[in-house]
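Residues in the sequence shown are numbered consecutively from 0, following numbering that gives the first Met the number 0.
Each hint should be verified, as a subset may be incorrect.
Ranges between beta-carbon positions, derived for each pair [unchecked claim]:
(1) 14 x 60: 29 to 37 Å
(2) 41 x 0: 16 to 24 Å
(3) 52 x 75: 31 to 39 Å
(4) 17 x 59: 18 to 26 Å
(5) 3 x 47: 13 to 21 Å
(6) 67 x 9: 35 to 43 Å
(7) 17 x 74: 16 to 24 Å
(8) 69 x 0: 14 to 22 Å
Hints are computed from structural coordinates only; laboratory data are not their basis. This one's a predicted model, so the numbers in the text were calculated from it and none came from an experiment. Think of the CB as a built atom: it goes at the ideal place given N, C-alpha and C, for glycine as much as any other residue.
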Amino acid sequence: MVVAHPFRFSLDYGRYCYKLDIDGVEVHSSNTTPSAQQMARKLADHKQLFQLTASDGHSVSSIGQYHTLFPNSIETIEDLAAFIISCKV
0 MVVAHPFRFS LDYGRYCYKL DIDGVEVHSS NTTPSAQQMA RKLADHKQLF QLTASDGHSV
60 SSIGQYHTLF PNSIETIEDL AAFIISCKV
């Protein structure tokens with residue numbers, strides 16, 4: 000499970016994510032503030048999780064602002080899940 004923008008709307012939800020068994024965290028998005036992004040990175044670092052970025056585009060201008068590069072080809076949702084899970088320390 001990947002948590003998308005955990006500190007975007009609520010500090011309580013972001014703090015709750017420390018208790019969850021998650022595999023990755025979205026740490027950058029066009030819809031989050033720099034402080035929310037910093038808290039998301041701290042969460043991912045603390046739990047040693049894969050860090051993703053996404054445009055989360057709700058407008059044409061936000062599409063492509065952020066993206067995640069993978070070292071290998073990701074062709075299916077199963078490939079994506081397997082890669083993210085393999086990154087957990």
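Going down the list of hints, with the structure as the test:
For the pair residue 14 and residue 60, the supplied restraint of 29 to 37 Å holds, since their beta-carbon distance comes to about 32 Å. Look at residue 41 against residue 0: about 19 Å separates their beta carbons, and that is inside 16 to 24 Å. Taking 31 to 39 Å as the suggested C-beta distance range, the pair residue 52 and residue 75 does not conform, at roughly 21 Å. In this structure the supplied range 18 to 26 Å is violated for residue 17 paired with residue 59, their Cβ-Cβ distance being about 35 Å.
Hint check: residue 3 to residue 47, Cβ distance near 19 Å, so the stated range 13 to 21 Å holds. Residue 67 and residue 9 have their C-beta atoms about 24 Å apart, which leaves the hinted 35 to 43 Å range violated. Checked against the hint of 16 to 24 Å, the C-beta distance between residue 17 and residue 74 comes to roughly 33 Å, which is inconsistent with it. The hint said 14 to 22 Å for the Cβ distance between residue 69 and residue 0, and at roughly 18 Å that hint holds.
Hints 3, 4, 6, 7 from the earlier list are contradicted by this structure; the remaining hints agree with it.
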